[in-house]
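My numbering numbers the first residue of the sequence shown as 35 and each following residue consecutively.
Because the hints were derived from the structure by calculation, they are not lab data.
It is possible that some hints are incorrect.
20 Å max Cα-Cα, derived EDC-like pairs, lysine to aspartate or glutamate [unchecked claim]:
1) Lys311 / Asp299
2) Lys515 / Asp560
3) Lys638 / Asp665
4) Lys286 / Asp275
5) Lys647 / Glu678
6) Lys638 / Asp685
7) Lys681 / Asp697
8) Lys428 / Glu747
9) Lys137 / Glu90
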Amino acid sequence: MEIKLNGKNLKLLTSQMSITELETLCELAGVGLININVSSGEILLNNALTKLAGYEPGELPHSVNTKMMLTCEEDQPLMETHLQRLITGEADYYHAEYRMIRKDSSLVWISEHMAVAQRDKTGKIVRLIGLSSDMSREKWLEEQNVLLEEDNRKIALNSPHAQLEDQNRMLRAANRSARMIVGGFNQDYEKVLKNALQILGESILADRVQIWRNCVRDDKLFTFHRVEWTRIAPSRFAGTDERIDYADLFPKWTEYRLKPTSEWDVLLENAVSTNYKDETLGSLMILPLFLNGEFWGTIEFDFLNEGRTHTADEREIMSAGALVIASSISRNEAFGKLNADREDALESSKAKGDFLSRMSHEIRTPMNAVIGMTELALRARDEEQRKDHLLKVKDASTQLLQLLNDILDMSKIEADKLELENAPFNFGKMVERIGSIMNVRMGEKVQHYETAMNGLPSRLLIGDELRLSQVIMNLIGNANKFTPDGGTITLQVDNTPVDDNHSCLRVAVIDTGIGVAEDQMDSLFDSFEQADGSISRRFGGSGLGLSICKRLIEMMDGKIWIESTPGEGSSFIFEIPVAWGSPLVDEQEETTKSKDRTYHWQNKLVLIAEDIKINQEIIAHLLAETGASFDVAENGKEALAYIESAKTLPDLVLMDIQMPEMDGLEATTLIRQLPGADKDSLPIVAMTANAFNEDVRRSLVAGMNAHLSKPLEINKFFSTLADYLD
């Protein structure tokens, strides 16, 4: 959107639109807006102008001095005069061009239109409204044109009379080419470039003109074809982005680059490798182009006729015209990159904004169930009804925990802090446990769940059981969500041996659900994304699950993809390389590990080092079930003092990590340093919300024996304590 202004239509805008409407229009158009309250001295800059000045919204003061602070010192008298004429009523509008000082001290040219927007009943001016836009590019192009004209005048003055007519023709062409670039930046840029090259080429009777752009890779200089105009057949490089090593293009480049740059043009024209020479040409002229002291690229003039020679003045005129084109290309590249970065940032911001919106919904839904069902449980008089409410509270809490785990997993993956374990486990048993868990969810939708496993050896698989089961459960959970009642979900596993100990494991989760359109498949595994916005509204979900699956599979050196037909179903498939360990043995379920086991620790004493009251209460109730006695320390300092003064040490310490005065890590380190062998052997178990792998390592390095993450998994809590209290 572009806003073109003069005094009349600016006053029309301010008279017919509210400030809010004008602010909205300016934000959409990317135009800066200045709102000056004359009576209070307050000045407000919209986001577009604030960011143009290099500041974040809200960072600039609202003082009237802000305007002068952002104005270049040499331009301040001019701007003060313009403002004073408005305030005193000498004028009701002005247009000025001035230089703004950005936060990083760089200067940017601003075109500003300011008008009286509001008066009180007495006619006294109350408010001024100004619109500002960046005109740096126009200023820069004007300067380039002036410099070019000056160079051309110098060349014309020094030329012999006999050559003046030809040179004037080329000078006029160079000027026309420059004006084409200067005046055409709002048009089709590639078309403008070709038109500018055509003007230069025709002035020197060339049959083709090419611009070559340099780039550096691995400390080597390359060039690529950027644009061309031709009246003959296109060059072999037209429309390609092939990068050519200068050493390949000019076999003697290493030698030539050491010579004065003023000699490069003649040297390069006669040194093109036969691999790249166009045999249809009779002659050519190659001119090196330097911008800001750097070798930017070359312009090549191709001629069908043989024996064309070019004077130094012709070369200089064509170089001057080409430099304006090269400068314009560089500026366009910079603007293009800024716009691309801006679009990427906006897209990323939008995706994350949508994600946060979904997160709000996904978090509030189970929280609503927790709060609502808790309230109903408190009011319930029937014991069975109360139990039903509490079971629903537990389900909602588990759902909320899974969501938080997904967010934490993605955070760890993004920060490269997630590590995979490499341990032997029974893959078949893992699949059975997944089936037991998922069958409950599928029963709610009367879905059919099937498992097919082919070619699995009777050996332990070596890998990360937790993360592999997480991926499979995520994919099955996804299928469960998008498959209608009565549908079928199949987990199919195929193992293809590579050698005696290694194979390729292929896992497919196949459903008869709604399917995915082909144009939505590419973004399906992106963070914060779902197939389309309606998915989260219809089915819920954070948009993180499949992204986490993809990252985990890639960490396992595998790949994951989807095959789908809308309306018929989808297959989510992944393949990973796996290693196989020792043979399987008959496994007997250990009753000591079952959830039905009861613990008898009547003669045991546990020290609870925990500063949160509700956590103290939960642990106290769990320990009370076992008959164990306990004492409480509110922080690490109290825990240390307790151990130092105890005549009889506790049998175990449950140590929180983050506590006031002294944290659990420091307290554990100091306990291990206390005299006496019993302090070294005292079991200390970390019990904390810090769940990252480095948190576990930090706990063990401090001297703790084990690590429990909050929220507590009750079975794991008891089994961990049993390792030290039984």
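What are the numbers of the hints that this structure violates, sorted from low to high? Numbers 4, 5, 7 - these are the hints that the structure violates, sorted from lowest upward.
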